[in-house]
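Quick mapping for you: the protein sequence lines, in order, are chains A and B. Under the working numbering, the first residue of the first sequence carries the number 1, and numbering increases by one thereafter. Under the working numbering, the first residue of the second sequence carries the number 1, and numbering increases by one thereafter.
If you are wondering where the hints come from, they were derived from the structure by calculation, not from laboratory data. We put the CB at the ideal spot given by N, CA and C, even for glycine. Heads up, a few of these hints could be off.
Anything over 10 Å on all C-beta distances counts as not near chain B; from chain A, calculated [unchecked claim]:
{"hint": "1", "residue": "C66"}
{"hint": "2", "residue": "N69"}
{"hint": "3", "residue": "N73"}
{"hint": "4", "residue": "G100"}
Below, a list of computed lysine-lysine pairs in the DSSO-like style, where the Cα atoms sit at most 27 Å apart [what the hints assert, rightly or not]:
{"hint": "5", "chain 1": "B", "residue 1": "K14", "chain 2": "A", "residue 2": "K153"}
{"hint": "6", "chain 1": "B", "residue 1": "K101", "chain 2": "B", "residue 2": "K129"}
{"hint": "7", "chain 1": "A", "residue 1": "K59", "chain 2": "B", "residue 2": "K14"}
{"hint": "8", "chain 1": "A", "residue 1": "K60", "chain 2": "B", "residue 2": "K14"}
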Amino acid sequence: MHRTDRNTAEIESLYRQHGPELLLFAQAVTGERGRAQDAVHQVFLKLIEKGSLRQVVDKKAYLFACVRNAALNEGKQRERNAPLDPDAAWFIPPDRDYAGEQNLRRALEALPGDQRQVMVLHVWGELTFSQISDLLDLSSNTVASRYRYALAKLRDSMFAKENYCANS
Amino acid sequence: MPTLDDERFEAYLKQFRPLVPEPLPAVEPSLRARRAVALGAWAAAAVAILVLGALTLHIRTNRARIAETAENVGNPERLQDSQPLTMQSANALMAKAPSFKAMVDGMSFRSQAVPLPKGKRSAVAVLGKEKVKL
Numbered sequence: 001m002h003r004t005d006r007n008t009a010e011i012e013s014l015y016r017q018h019g020p021e022l023l024l025f026a027q028a029v030t031g032e033r034g035r036a037q038d039a040v041h042q043v044f045l046k047l048i049e050k051g052s053l054r055q056v057v058d059k060k061a062y063l064f065a066c067v068r069n070a071a072l073n074e075g076k077q078r079e080r081n082a083p084l085d086p087d088a089a090w091f092i093p094p095d096r097d098y099a100g101e102q103n104l105r106r107a108l109e110a111l112p113g114d115q116r117q118v119m120v121l122h123v124w125g126e127l128t129f130s131q132i133s134d135l136l137d138l139s140s141n142t143v144a145s146r147y148r149y150a151l152a153k154l155r156d157s158m159f160a161k162e163n164y165c166a167n168s
Numbered sequence: 001m002p003t004l005d006d007e008r009f010e011a012y013l014k015q016f017r018p019l020v021p022e023p024l025p026a027v028e029p030s031l032r033a034r035r036a037v038a039l040g041a042w043a044a045a046a047v048a049i050l051v052l053g054a055l056t057l058h059i060r061t062n063r064a065r066i067a068e069t070a071e072n073v074g075n076p077e078r079l080q081d082s083q084p085l086t087m088q089s090a091n092a093l094m095a096k097a098p099s100f101k102a103m104v105d106g107m108s109f110r111s112q113a114v115p116l117p118k119g120k121r122s123a124v125a126v127l128g129k130e131k132v133k134l
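Required output: the full structure, derived from the provided sequences and hints.
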């Protein structure tokens with residue numbers, strides 16, 4: 001197989017493997033599914049064109065960094081801190097728990113942007129705090145601290161709402 | 001619902017799987033492949049232009065030949081079939097014909113059955129009577 005074809009196949013395989021987490025992360029950054037999708041596509045198409053992932057040691061972290069840059073650059077061209085799209089689903093819920101999905105999405109939406117990014121990167125991107133600190137150019141302690149705050153807020157937000165719904 | 005500890009809450013969150021992104025748009029061929037395609041297209045265009053030019057030249061040359069032949073056929077300098085070949089007409093042809101070939105063509109295929117008018121002699125007959133010393 002030609003070298004370029006091998007690279008393309010490898011990049012397409014990475015897209016299939018990490019695409020969902022990258023898309024979710026891009027959504028957490030941009031707040032909009034369409035823009036998130038564009039950012040992810042842009043990254044992968046550039047990678048295919050250049051065919052240069054051989055020298056990257058931590059490919060997953062690299063992909064998250066690329067998607068973040070693409071999403072931020074794209075966001076700069078439009079508007080900063082765009083509000084999240086309230087209707088577009090972000091997740092495939094377990095057992096068709098669409099209410100739970102909406103609940104989670106709204107809880108994520110309520111988080112500050114930096115905490116939301118850390119949350120998505122750690123829980124769904126499965127990056128370590130060290131990887132996230134490199135990616136966001138923060139110390140590991142800051143990342144861990146943001147994560148703890150985010151987790152607590154998310155839990156409070158989700159279950160307070162559920163308790164409220166159950167009581168009413 | 002009881003408050004979950006961090007690990008269980010994380011596990012609960014992970015049950016929500018992120019949506020699968022849309023497939024990548026059609027992947028463009030690599031730069032090298034694109035260059036090869038462009039080069040091939042240019043080469044094909046150049047060959048097509050050359051072939052077209054050669055064809056045009058060939059057609060024009062053929063037309064010129066056809067026109068020349070038609071001109072020669074309808075040339076008033078050419079002797080009529082009914083007109084006998086005489087020294088005078090041969091000299092006239094030699095003087096006016098554009099080329100030796102045209103002159104020979106003009107004199108060829110004469111009908112020898114046509115009787116000569118009075119006072120005129122056939123050039124072939126004259127030449128046949130001459131004694132050529134070699």
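Going down the list of hints, with the structure as the test:
Distance check on C66 of chain A: its Cβ is at least 14 Å (rounded) from any Cβ of chain B, clearing the 10 Å threshold; non-interface status holds. The claim that N69 of chain A is not at the interface with chain B holds, since no C-beta of that chain comes within 10 Å of its own (minimum 17 Å). The beta carbon of N73 of chain A is kept farther than 10 Å from every beta carbon of chain B, the shortest such distance being approximately 19 Å. With a least CB separation of 7 Å from chain B, G100 of chain A falls inside the 10 Å interface cut-off, contrary to its annotation.
A C-alpha spacing of about 17 Å is found between K14 of chain B and K153 of chain A, which places the hinted pair at or below 27 Å, so the restraint holds. Between K101 of chain B and K129 of chain B the alpha-carbon distance is near 26 Å, which keeps this suggested pair within the 27 Å criterion. Our distance criterion of 27 Å between C-alpha atoms is met by K59 of chain A and K14 of chain B, whose separation comes to about 22 Å. Our distance criterion of 27 Å between C-alpha atoms is met by K60 of chain A and K14 of chain B, whose separation comes to about 18 Å.
Going down the numbered hints, you'll see the structure goes against just number 4.
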